[in-house]
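So the sequence lines, in the order shown, correspond to chains B and C.
Start counting the first sequence at 1; every next residue gets the next number (this note's numbering).
Start counting the second sequence at 1; every next residue gets the next number (this note's numbering).
Quick caveat, the hints were computed from the structure, so don't treat them as lab data.
Please read all numbers here as calculations on a predicted model, not as lab measurements.
Accuracy of the hints is not assured; some may be wrong.
The following label-pair restraints were derived from C-beta to C-beta distances [unchecked claim]:
(1) B/P243 to C/T438: 36 to 44 Å
(2) B/E251 to C/T438: 44 to 52 Å
(3) C/P243 to B/E131: 16 to 24 Å
(4) C/D254 to B/K273: 39 to 47 Å
(5) B/T103 to C/T59: 31 to 39 Å
(6) B/P243 to C/D221: 24 to 32 Å
(7) B/P243 to C/D254: 51 to 59 Å
(8) C/D240 to B/E251: 55 to 63 Å
Which chain C residues stay away from chain B? Per the calculated CB distances, all over 12 Å, these [claimed, not checked]:
(9) E5
(10) V17
(11) K20
(12) L105
(13) E271
(14) T469
The beta-carbon is built from N, C-alpha and C at its ideal position, and this holds for glycine as well.
Spelled out, the chains give:
Number of protein chains: 2
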Amino acid sequence: MEKLEELFEHIASRVNVNLKPMGIDVRPLLENAIPRERHMLYYAFYALTTDHPLSFKFTNSNLAGTYFLGKTSVDRSVLYKSDLRGDELKSKGDIVEFNGVKTKLFYDEVIRVINSFLVKTLVHNHSKNPEIPEVFRILNTVAMHFSNIHGTTCEGVYLGPFATVDLSVMHNCVVGDFSYVQAGDLSRVTIEPGRVWVKSDIFEFNYTYPEGVVEKYVKLDENGKLTGKFIEYVDDFKDDFIPIYSTVQPEQLDGIPEGAYVSPYAVIKGECKIGKNALIAQRAHVEDSFIGEGANAQENCYIKNSTYDGFNVTAHGGKVIHTHAGKNVFVGFNSFLHGTEEYPITVGKDSIVMPHTIIDAEEPIEIPENSAVWGYVTKKSDLETQCVSLDDLSKATDVTLGNATFTGDGKAFVDAFRHRIEHIREENGAYFDGSEKTRGHAQKTQDACFNILQPFQSGPEKGMYPTMTIGE
Amino acid sequence: MEKLEELFEHIASRVNVNLKPMGIDVRPLLENAIPRERHMLYYAFYALTTDHPLSFKFTNSNLAGTYFLGKTSVDRSVLYKSDLRGDELKSKGDIVEFNGVKTKLFYDEVIRVINSFLVKTLVHNHSKNPEIPEVFRILNTVAMHFSNIHGTTCEGVYLGPFATVDLSVMHNCVVGDFSYVQAGDLSRVTIEPGRVWVKSDIFEFNYTYPEGVVEKYVKLDENGKLTGKFIEYVDDFKDDFIPIYSTVQPEQLDGIPEGAYVSPYAVIKGECKIGKNALIAQRAHVEDSFIGEGANAQENCYIKNSTYDGFNVTAHGGKVIHTHAGKNVFVGFNSFLHGTEEYPITVGKDSIVMPHTIIDAEEPIEIPENSAVWGYVTKKSDLETQCVSLDDLSKATDVTLGNATFTGDGKAFVDAFRHRIEHIREENGAYFDGSEKTRGHAQKTQDACFNILQPFQSGPEKGMYPTMTIGE
Chain B
1 MEKLEELFEH
11 IASRVNVNLK
21 PMGIDVRPLL
31 ENAIPRERHM
41 LYYAFYALTT
51 DHPLSFKFTN
61 SNLAGTYFLG
71 KTSVDRSVLY
81 KSDLRGDELK
91 SKGDIVEFNG
101 VKTKLFYDEV
111 IRVINSFLVK
121 TLVHNHSKNP
131 EIPEVFRILN
141 TVAMHFSNIH
151 GTTCEGVYLG
161 PFATVDLSVM
171 HNCVVGDFSY
181 VQAGDLSRVT
191 IEPGRVWVKS
201 DIFEFNYTYP
211 EGVVEKYVKL
221 DENGKLTGKF
231 IEYVDDFKDD
241 FIPIYSTVQP
251 EQLDGIPEGA
261 YVSPYAVIKG
271 ECKIGKNALI
281 AQRAHVEDSF
291 IGEGANAQEN
301 CYIKNSTYDG
311 FNVTAHGGKV
321 IHTHAGKNVF
331 VGFNSFLHGT
341 EEYPITVGKD
351 SIVMPHTIID
361 AEEPIEIPEN
371 SAVWGYVTKK
381 SDLETQCVSL
391 DDLSKATDVT
401 LGNATFTGDG
411 KAFVDAFRHR
421 IEHIREENGA
431 YFDGSEKTRG
441 HAQKTQDACF
451 NILQPFQSGP
461 EKGMYPTMTI
471 GE
Chain C
1 MEKLEELFEH
11 IASRVNVNLK
21 PMGIDVRPLL
31 ENAIPRERHM
41 LYYAFYALTT
51 DHPLSFKFTN
61 SNLAGTYFLG
71 KTSVDRSVLY
81 KSDLRGDELK
91 SKGDIVEFNG
101 VKTKLFYDEV
111 IRVINSFLVK
121 TLVHNHSKNP
131 EIPEVFRILN
141 TVAMHFSNIH
151 GTTCEGVYLG
161 PFATVDLSVM
171 HNCVVGDFSY
181 VQAGDLSRVT
191 IEPGRVWVKS
201 DIFEFNYTYP
211 EGVVEKYVKL
221 DENGKLTGKF
231 IEYVDDFKDD
241 FIPIYSTVQP
251 EQLDGIPEGA
261 YVSPYAVIKG
271 ECKIGKNALI
281 AQRAHVEDSF
291 IGEGANAQEN
301 CYIKNSTYDG
311 FNVTAHGGKV
321 IHTHAGKNVF
331 VGFNSFLHGT
341 EEYPITVGKD
351 SIVMPHTIID
361 AEEPIEIPEN
371 SAVWGYVTKK
381 SDLETQCVSL
391 DDLSKATDVT
401 LGNATFTGDG
411 KAFVDAFRHR
421 IEHIREENGA
431 YFDGSEKTRG
441 HAQKTQDACF
451 NILQPFQSGP
461 EKGMYPTMTI
471 GE
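Same shape as in the complex, but just chain B:
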């Protein structure tokens, strides 16, 4: 295992060099978070389809349990049960625009991970990267459990557990536990835990969780041990994934309607109904629920005892329990909608649950239609300061409501959200009508098969994956 030990040391040193200004030492986190033998137990798998560009290159890395789709290269990195999806990468010749300046892609875009350590991290593209649009880069980065990385120049970054860096450029920054940032260049910034921050040139939204709340849900000790309600909740479903990950070709479910896709690496348990053009991604867990037409459950979603009326989007890591979501409801990254049989949650149609929202119901909670909700909600009365009508927000310029502040162009903010949600539905194929134009992930992934990669089991290379090039 010498090589794997050297790799941990190498990554720690590279990340620490970059994070020195922030006064953080990732070495103990990185070296202790996952017991070594687990890096050998799980296999990596890459999806093979004719609809996605195929090109993988893996060198000097451990890829335990990691899923790959599309063009990816990994060097000197440890990817543990992560999910790298390159199915929205741009192509050679595509024109991209940043702040009104246009440029054309010289090569096909590729996800390139170097000197990084990702634990159960979801990496999805559709990048907004003005630096090198050909490269979706993750460099010298440590991302802890259930973090999300979207649209990066992600260099020298530490992400705490359940943190999200969205559409982001960052350099040498620390993003605290369960923080969500969509704020561009964050060089030499430390984001405190439980902050939700959306910033653009024309608007800014800011919310910080009340003191003492985040720790109840997410707590990482200095040796990388994760506790709290989130991990307790998802750990209960771990065993459901074992049979799926032990089989070369997991069985396809019967009764999946036309245009819909349930990944063979998703769990569908109990009484479920899946609507037309719905998409249940790999690593999603759906139990005793109704997923309506064009709705989706993205990676690391856990949906239980819930009803989706249709065209719903559950972003990566959303957990939705005893909840009725009306049509078009959006649940943002890593949100936790924890209803119970006694205290169910209802979200009215067209509403937006902001990323990193916790609704942990201590009484029945009803979110009105066409609203935005955020922050920490346990009682109806919390909605007074954590929920607004989208129509009202559209007219706003400056609002302070509880721990949240909004400044800037309210209409632009709401439109940006709506536009993005619509984009997600289109990309997922929610409106598929048989035409090529309406095909999305749900349809393109239908004929995927999975190639399964394992590491050396003994000797100095124990735990390392062989150098491998696929597709070119």
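Given chain B's structure and the hints, the job is docking chain C onto it.
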């Protein structure tokens, strides 16, 4: 599936160009032998160990169900449920000697398959190839079901089902059903079905099956459909392999003694006992049998209701039923020892069952110790012309016995056999005592894990495997 169809056409044309002088057209055999959808159903797997050189390159090929170990490259070929083992390839700098002339390997030796179609073919190295010792080549070759290819320059060759070309150089030749040849350059030769031919500079053994016998056991029609007792026998065990090939990490059996190895891709069924340093290779099937110390069952062996006293070798494709084999007994390639409860077979210690022997017992059959047996035996009386004492054979120069003739140096012939059997035992690790020097396949393959490769499932590439380079 356009690409796969083109590939069939391409291979057929290349092989036919070479086999024109022999008047054979392989196209219908090659195009019809395997239903197209089967080429998509099965996955290829390569073994990853730190004891074997790692380097695979696959381009423009279908690899359905094929197993790879060691350095291999495959281009423009269809390998169907075949087995390519590069674990005895030579290394850069090794000195090889041919007819007294020595030469040094410039590169590591690699198995290279080009423009070929192999069905359930066993390819194993330890080559005797004076042409390019760096390349174990299989070029423009069609090999049908359960054929064996060893030590080649195998160019422009057709092998019928259950045929074996051993330690061989060949060019543009046809080897009939169930023929065994170990005879060097066979350019423009057609070997009739059921011939067993061993030829060197100093001895020659020849046996041809009586008319009408081979067809009962092996019959291939012009469209590649295989019938006969051999395929009927092995088809009965097909289902036993299904669970093994559906699991990412088949379970290791308990109670395997130190130094022994049972491949996770072998079947052990009923009451079996496996001795110390024994080796049960992938695709071997062992049922209700005792496999003694240092004994082995190589690929495609089927051993049932039998006892091996120890240090036995069952070469590739040997089928052994209701047989008691004494110590050191060797069963050659594709031999069929079909005893029954009523009519068991006994083979005395140190005896050699020649390759491609059929003992289909119609009464109890007993092979004395220290004997060679060959050909077609159903009754005791058949042994009179098909079995000799190895001591007698050692003293012989010219012998004609039934359909068999032997000419040349009997002692050299017996010594060559014994030397080779001993080599097999050593290579397999039958004498492992904990020292590095005595380690063999049984010990080196202990920590193997398997990487699993699947083809495209749709589009023009349907059935083709992606281009892939592993290990360099």
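Results for each hint:
no., hint, result
1, B/P243 to C/T438: 36 to 44 Å, "holds (41 Å)"
2, B/E251 to C/T438: 44 to 52 Å, "holds (45 Å)"
3, C/P243 to B/E131: 16 to 24 Å, "violated (50 Å)"
4, C/D254 to B/K273: 39 to 47 Å, "holds (43 Å)"
5, B/T103 to C/T59: 31 to 39 Å, "holds (35 Å)"
6, B/P243 to C/D221: 24 to 32 Å, "violated (42 Å)"
7, B/P243 to C/D254: 51 to 59 Å, "violated (21 Å)"
8, C/D240 to B/E251: 55 to 63 Å, "violated (20 Å)"
9, E5, "holds (16 Å)"
10, V17, "holds (31 Å)"
11, K20, "holds (37 Å)"
12, L105, "holds (23 Å)"
13, E271, "holds (27 Å)"
14, T469, "violated (4 Å)"
Consistency note: the structure conflicts with the earlier hints numbered 3, 6, 7, 8 and 14.
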